[in-house]
Amino acid sequence: MAHDTAHALHPPTATGLDTRKLAIWTFIGSECLFFATLISNYLVYKGESLVGPLPHETSQCMLHGQMTTCEPIFEIPLVTFGTAVLLFSSFFVVLALNGAQQGNRKKLIGWLSATVVCGLFFIGMQVYEFYHFYHKGLGYTTNLFGSSFYTLTGFHGTHVTLGVIWLATMLVLAIRGKVPPEKSLNLEIAALYWHFVDVVWIVIFPVVYLMR
Amino acid sequence: MDAQVATHEHAHPGPALYLRVAVILFVMTALEVLAFEVSHRPSMPLHELVQPLLNEILIILSAAKFALVAMFYMHLKQDSKIFSGLFVFPLIIAAVLIVALLLLFSYLRLLHPAA
Chain S
2 MAHDTAHALH PPTATGLDTR KLAIWTFIGS ECLFFATLIS NYLVYKGESL
52 VGPLPHETSQ CMLHGQMTTC EPIFEIPLVT FGTAVLLFSS FFVVLALNGA
102 QQGNRKKLIG WLSATVVCGL FFIGMQVYEF YHFYHKGLGY TTNLFGSSFY
152 TLTGFHGTHV TLGVIWLATM LVLAIRGKVP PEKSLNLEIA ALYWHFVDVV
202 WIVIFPVVYL MR
Chain Z
327 MDAQVATHEH AHPGPALYLR VAVILFVMTA LEVLAFEVSH RPSMPLHELV
377 QPLLNEILII LSAAKFALVA MFYMHLKQDS KIFSGLFVFP LIIAAVLIVA
427 LLLLFSYLRL LHPAA
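Heads up: the protein sequence lines correspond to chains S and Z, in order.
Sequence positions in the first sequence follow the numbering used here and run 2 to 213.
Sequence positions in the second sequence follow the numbering used here and run 327 to 441.
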């Protein structure tokens, strides 16, 4: 089948597995530890901020050089929508991979385009959120919440951006007809990275936005 | 060698299963947000029940979502167990790291409340 054909193009390995796929899983394993440190950092400093703005509580904060009362900063409906979009992008990329493995170019290009659009929407949502928070008085060094929040979600956003660039590159290759079934593993590796970015957000969303 | 590869990596599931997983993920996300809203609004039904269990509910739902994506979208259910090992082993270390740091900082705050 097409999926196995992709592996047959490469020389045999001691494990019988494609070394590129082994490499991306090793990289993903190391990324788990990277995000674990950032999530730990956020949780350790959760609720330790001395001044606002704060995620769920009304607080006293410095805005335009004056102490003022700040409303809770999070906008749950917007982030929930962004989360749903990211989850659906994972669904779209597996459909694109399915199309690539079947040699269905139209399906591959269509679903891969949808994935890239979803990724761009998520990045846009995060840029809007950061801009909005900054104008509500939450800078990177305003309080412990700001520092740990921007570090965690900023690194995740960077990963999403890299994923979008990677998938957009695959889309251009697909449009040029350079992702035939025997090269579908190239898309599978990009998709694995994209799914990892998605599972990290599956953890970040409740930990940062919903938990007490 | 091709036969050897075929024994390690099996065919991926089809679009119907992917769609079912997507719907389940969407419903679970909706449940997470619903639990959050119920716990923050005393006027909502089940508030008394959900509020003290909010974190536990969110951990269970997000763990289930994580497992669904890893098993079906990342194909760990069908692919070689070596890939599962490469992913799950660091995940266990990551979980231990998070719990250890939370316990350590809680202990330090007990020792030095003002710090």
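For the record, the hints were derived by calculation from the structure and aren't laboratory data.
Do not take every clue at face value.
What the hints assert, rightly or not - Cross-link-like lysine to any residue pairs, in silico, SDA-like; alpha carbons within 20 Å at most:
| id | chain 1 | residue 1 | chain 2 | residue 2 |
| --- | --- | --- | --- | --- |
| 1 | S | K47 | Z | K407 |
| 2 | S | K47 | Z | P439 |
| 3 | S | K179 | S | N99 |
| 4 | S | K108 | S | I190 |
| 5 | Z | K407 | S | L18 |
| 6 | S | K47 | Z | K403 |
| 7 | Z | K407 | S | T14 |
| 8 | S | K184 | Z | D405 |
| 9 | Z | K407 | S | K108 |
| 10 | S | K108 | Z | R435 |
| 11 | S | K47 | Z | D405 |
| 12 | Z | K407 | S | F28 |
| 13 | Z | K407 | S | A24 |
| 14 | S | K47 | S | K179 |
| 15 | Z | K403 | S | T16 |
| 16 | S | K47 | Z | F413 |
| 17 | Z | K403 | S | I25 |
| 18 | S | K47 | Z | I385 |
| 19 | S | K47 | Z | L436 |
| 20 | Z | K407 | S | T27 |
Restraint status (C-alpha distance of K184(S) to D405(Z) at most 20 Å)
Holds, at roughly 18 Å.
Pairwise hint evaluation, I25(S) against K403(Z), where the allowed Cα distance is 20 Å at most:
17 Å, holds
Take a quick look at whether K47(S) and D405(Z) sit within 20 Å of each other, Cα to Cα.
38 Å, violated
K179(S) and N99(S): Cα distance at most 20 Å?
16 Å, holds
For the pair supplied as a hint, K407(Z) and K108(S), is the alpha-carbon distance within the 20 Å limit?
Given that 20 Å is the threshold and the Cα spacing comes to 30 Å, the pair is violated.
Given the hint that K47(S) pairs with L436(Z), does the C-alpha gap stay at or below 20 Å?
Holds, because 16 Å separates the two Cα atoms, which is no more than 20 Å.
Pairwise hint evaluation, I190(S) against K108(S), where the allowed Cα distance is 20 Å at most
18 Å, holds
Would you check the hint for K407(Z) and F28(S), treating anything up to 20 Å between C-alpha atoms as holding?
16 Å, holds
Hinted pair K407(Z) and A24(S), Cα distance within 20 Å
Holds, at roughly 15 Å.
Pair hint K47(S) and K403(Z), alpha-carbon separation not exceeding 20 Å:
35 Å, violated
Hey, K47(S) versus I385(Z), does the alpha-carbon distance stay inside 20 Å?
Answer holds: K47(S) to I385(Z) is near 17 Å, not above 20 Å.
Run the distance test for K47(S) versus F413(Z): straight-line Cα separation, threshold 20 Å.
28 Å, violated
Checked against the numbered hints given earlier, this structure breaks hints 1, 6, 9, 10, 11, 14 and 16; the rest are met.
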